[in-house]
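Colleague: In the order they appear, the protein sequences are chains A and B. The working numbering applies: residue 1 is where the first sequence begins, and numbers increase by one. The working numbering applies: residue 1 is where the second sequence begins, and numbers increase by one.
The set of hints was computed from the structure by calculation and includes no laboratory data.
Partner residues are not named here, just some residues of chain A that face chain B (Cβ under 7 Å, in silico): (1) 61; (2) 153; (3) 194.
Below 30 Å or equal to it, Euclidean Cα-Cα: the simulated DSSO-like pairs (lysine-lysine) are: (4) 173/B x 48/B; (5) 84/B x 48/A; (6) 48/B x 84/B; (7) 84/A x 173/A; (8) 173/A x 173/B; (9) 48/A x 84/A; (10) 48/A x 48/B; (11) 173/A x 48/A; (12) 173/B x 84/B; (13) 173/A x 48/B; (14) 84/A x 48/B; (15) 173/B x 48/A.
Computed footprint of chain A on chain B; a stretch qualifies when at least three of its residues, placed anywhere within it, have a C-beta under 8 Å from a C-beta of chain A: (16) 9 to 20; (17) 106 to 114; (18) 135 to 145.
Since the structure is predicted, the reported quantities are computational estimates derived from the model, not experimental observations. Cβ atoms here follow ideal geometry from the backbone N, Cα and C, with glycine treated the same way.
There are 2 protein chains.
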Amino acid sequence: MTDVLPGHLITLDPQAQAQLFTEARTANTFTDTPVSDEQLRAIFDLVKYPPTAMNVQPLRILFVRPGDGRDRLLTHVAEGNRAKTATAPVVAVLAADTDFHEHLDTVFPIRPGMREHFAADPATRDGMARFNAGLQVGYFLLAVRAAGLAAGPMGGFDATGVDNEFFTGTAWKSLLLVNIGHPGPDAWHPRLPRLDYDTVVRHA
Amino acid sequence: MTDVLPGHLITLDPQAQAQLFTEARTANTFTDTPVSDEQLRAIFDLVKYPPTAMNVQPLRILFVRPGDGRDRLLTHVAEGNRAKTATAPVVAVLAADTDFHEHLDTVFPIRPGMREHFAADPATRDGMARFNAGLQVGYFLLAVRAAGLAAGPMGGFDATGVDNEFFTGTAWKSLLLVNIGHPGPDAWHPRLPRLDYDTVVRHA
Chain A
1 MTDVLPGHLI
11 TLDPQAQAQL
21 FTEARTANTF
31 TDTPVSDEQL
41 RAIFDLVKYP
51 PTAMNVQPLR
61 ILFVRPGDGR
71 DRLLTHVAEG
81 NRAKTATAPV
91 VAVLAADTDF
101 HEHLDTVFPI
111 RPGMREHFAA
121 DPATRDGMAR
131 FNAGLQVGYF
141 LLAVRAAGLA
151 AGPMGGFDAT
161 GVDNEFFTGT
171 AWKSLLLVNI
181 GHPGPDAWHP
191 RLPRLDYDTV
201 VRHA
Chain B
1 MTDVLPGHLI
11 TLDPQAQAQL
21 FTEARTANTF
31 TDTPVSDEQL
41 RAIFDLVKYP
51 PTAMNVQPLR
61 ILFVRPGDGR
71 DRLLTHVAEG
81 NRAKTATAPV
91 VAVLAADTDF
101 HEHLDTVFPI
111 RPGMREHFAA
121 DPATRDGMAR
131 FNAGLQVGYF
141 LLAVRAAGLA
151 AGPMGGFDAT
161 GVDNEFFTGT
171 AWKSLLLVNI
181 GHPGPDAWHP
191 RLPRLDYDTV
201 VRHA
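The following block holds chain A by itself, in its conformation from the complex (with noise of 0.2 Å):
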């Protein structure tokens, strides 16, 4: 096990710490053990609340099953990830909604008139919307391992088809694919090297 920090640094648990941050890994292949539908939606429960820029919450998720869902999916997969991301009980194309501002008066009451503010502004929008669901895309991750499940976050696939085949009508722009189990066989690559401190940080 990885050194776990010590408690007057890092309160978390250390079960904890290991399970999201330092043991976790991205899985490559999954058991068939299913995933439920009342999974998905505890690990929404979960996501959902972490901040955003003025509430927006642009993440949209569309979670794909095996079956017809998953056979057009895969078509706009790259060949390596192929495998893989047939035999996931569950795949998430994670998405930004460039539309969010349709829900402003909803989710940030407190300033009145920022939907129509952000209606005339939609290159403002799609870099607000891809950021702060960029944030999201990292809860999430941390929210299917605290799920007890294995994420497989994929960037290999072709956007522009994946929006064209499932989010035709709709403002949302496809991210990440992320596969989701129960860590199969040889999920594990070995892991890669992580910058060190001096390289990542300063100080001022």
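Position chain B against the provided structure of chain A, taking the given hints into account.
Modeller: Leaving out everything else, chain B in the frame of chain A:
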């Protein structure tokens, strides 16, 4: 306390669910209880592990303590955010390094030549740096909470001004400011509404 999600759905310890997801809130005031350099390093030691595409790890962090650096930072912060940013024990400037490719021989040795590939494609690098740093911003905010500290993310600042002030000679592009400390008096605004499952999630 928010309803705890039961263990057959969410295996993460209920206390950890509350600490990271369901009960944690964005703080708007801070006490003068210090945050140590050791705590900042421990936060990094969690943030570094969750996944990024091709292990690129583009997130960069500038920790700014009170003093000259903080004064320079404050000149680029929106007026409504200035008071709280002045009093936080630590402010993190989170940035994306669009020159992440310089580390690819180290962090992604399994596919040689990617450094040269990305060196020739700055537009792809910019998008990849911003998206993957966005995921890592999500991990960072939850890791601050894992340290028992409150995070106060803020988009209201002049990113170009901050880049010119602190990041000349680098390819770091600032994305978000995060106040870090122990919550002070009246730290919390009322929680804003979250979108419901049927708005965010579809099934196929």
